[in-house]
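S.K.: Listed below, chain by chain, are the residues.
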Amino acid sequence: GAVVSQHPSWVICKSGTSVKIECRSLDFQATTMFWYRQFPKQSLMLMATSNEGSKATYEQGVEKDKFLINHASLTLSTLTVTSAHPEDSSFYICSARRTDFNQPQHFGDGTRLSIL
Amino acid sequence: DAKTTQPTSMDCAEGRAANLPCNHSTISGNEYVYWYRQIHSQGPQYIIHGLKNNETNEMASLIITEDRKSSTLILPHATLRDTAVYYCIVVMEYGNKLVFGAGTILRVKS
Numbered sequence: 015g016a017v018v019s020q021h022p023s024w025v026i027c028k029s030g031t032s033v034k035i036e037c038r039s040l041d042f043q044a045t046t047m048f049w050y051r052q053f054p055k056q057s058l059m060l061m062a063t064s065n066e067g068s069k070a071t072y073e074q075g076v077e078k079d080k081f082l083i084n085h086a087s088l089t090l091s092t093l094t095v096t097s098a099h100p101e102d103s104s105f106y107i108c109s110a111r112r113t114d115f116n117q118p119q120h121f122g123d124g125t126r127l128s129i130l
Numbered sequence: 004d005a006k007t008t009q010p011t012s013m014d015c016a017e018g019r020a021a022n023l024p025c026n027h028s029t030i031s032g033n034e035y036v037y038w039y040r041q042i043h044s045q046g047p048q049y050i051i052h053g054l055k056n057n058e059t060n061e062m063a064s065l066i067i068t069e070d071r072k073s074s075t076l077i078l079p080h081a082t083l084r085d086t087a088v089y090y091c092i093v094v095m096e097y098g099n100k101l102v103f104g105a106g107t108i109l110r111v112k113s
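Respectively, the protein sequence lines represent chains A and B. Going by the numbering used here, the first sequence opens with residue 15, and the numbers climb by one from there. Going by the numbering used here, the second sequence opens with residue 4, and the numbers climb by one from there.
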């Protein structure tokens, strides 16, 4: 079946560092990918929609200069958390959707980000 | 997209069927019902989706009422590995966004 790969699965870094997370669709093309954030004991919150070849669409309250999204190909989207601080520590999850309509989104296994 | 209402938590005995309800009384005609689950510290896993008719796949069955205002996800023979948070989501036919609610915590017990 469809597989979405996310890398790295976890990362620990110092405050002020920028961190890049990759999301790849392994066996299908995805013109649209999504980035979610999940804090402990909470549900997933959509951060942004990543569109191949165009700018990402951010949800209200999500800083686009803080969370840079690049979707350079039909199989890869990246999320860069710039100048990360402890409050950015969270579980970041991506999903991808096949280009066919009415196909479900498939999710990566998430990246646990800890900022010290 | 229509909102959904799910019970906070449910328990199920191992080997028995788990029936997870979902209310979506404001669903519109072109909105689908999707079910995902999230096992601890993993990304959500797609289970099943449907529009009007009941659906079945290797994981589960989805029963949608005739008025489409509610649905039930059925795991026919629950195992301990089915312990997870189950999310019922309603989304437009050509929509992209999945809006996750709190979901139902299903605990399968031996």
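These are computed hints drawn from the structure, not numbers from a lab. Warning: the hint list may mix true and false statements.
[To be verified] Below, simulated DSBU-like cross-link-like pairs (lysine-lysine); rule was C-alpha separation at most 35 Å, straight line:
id: 1; chain 1: A; residue 1: K80; chain 2: B; residue 2: K72
id: 2; chain 1: B; residue 1: K72; chain 2: A; residue 2: K55
id: 3; chain 1: A; residue 1: K28; chain 2: A; residue 2: K55
id: 4; chain 1: B; residue 1: K100; chain 2: B; residue 2: K55
id: 5; chain 1: A; residue 1: K55; chain 2: A; residue 2: K34
id: 6; chain 1: B; residue 1: K100; chain 2: A; residue 2: K55
id: 7; chain 1: B; residue 1: K6; chain 2: A; residue 2: K34
id: 8; chain 1: B; residue 1: K100; chain 2: A; residue 2: K28
S.K.: Now tell me if each hint is right for this structure.
M.R.: Hint by hint, here is what the structure shows:
1. Taking the CA atoms of K80 (chain A) and K72 (chain B), the gap is near 40 Å; set against the 35 Å cutoff, the hint is violated.
2. Distance hint between K72 (chain B) and K55 (chain A) is fulfilled; the C-alpha atoms sit about 28 Å from each other, no more than 35 Å.
3. In summary, the hint linking K28 (chain A) to K55 (chain A) is supported, as the alpha carbons are separated by about 24 Å, within the 35 Å threshold.
4. Note on K100 (chain B) and K55 (chain B): the hinted pairing holds, with a Cα-Cα distance of about 20 Å set against a maximum of 35 Å.
5. Between the alpha carbons of K55 (chain A) and K34 (chain A) the distance comes to roughly 24 Å, so the proposed pair stays at or under 35 Å and holds.
6. For the given pair, K100 (chain B) sits about 21 Å from K55 (chain A) by alpha-carbon distance, which is consistent with the 35 Å threshold.
7. A distance of roughly 33 Å separates the Cα atoms of K6 (chain B) and K34 (chain A); the hinted pair therefore holds under the 35 Å criterion.
8. A threshold of 35 Å between alpha carbons decides the hint, and for K100 (chain B) with K28 (chain A) the separation of about 32 Å falls inside it, so the pair holds.
Checked against the numbered hints given earlier, the structure breaks only hint 1 and satisfies all the rest.
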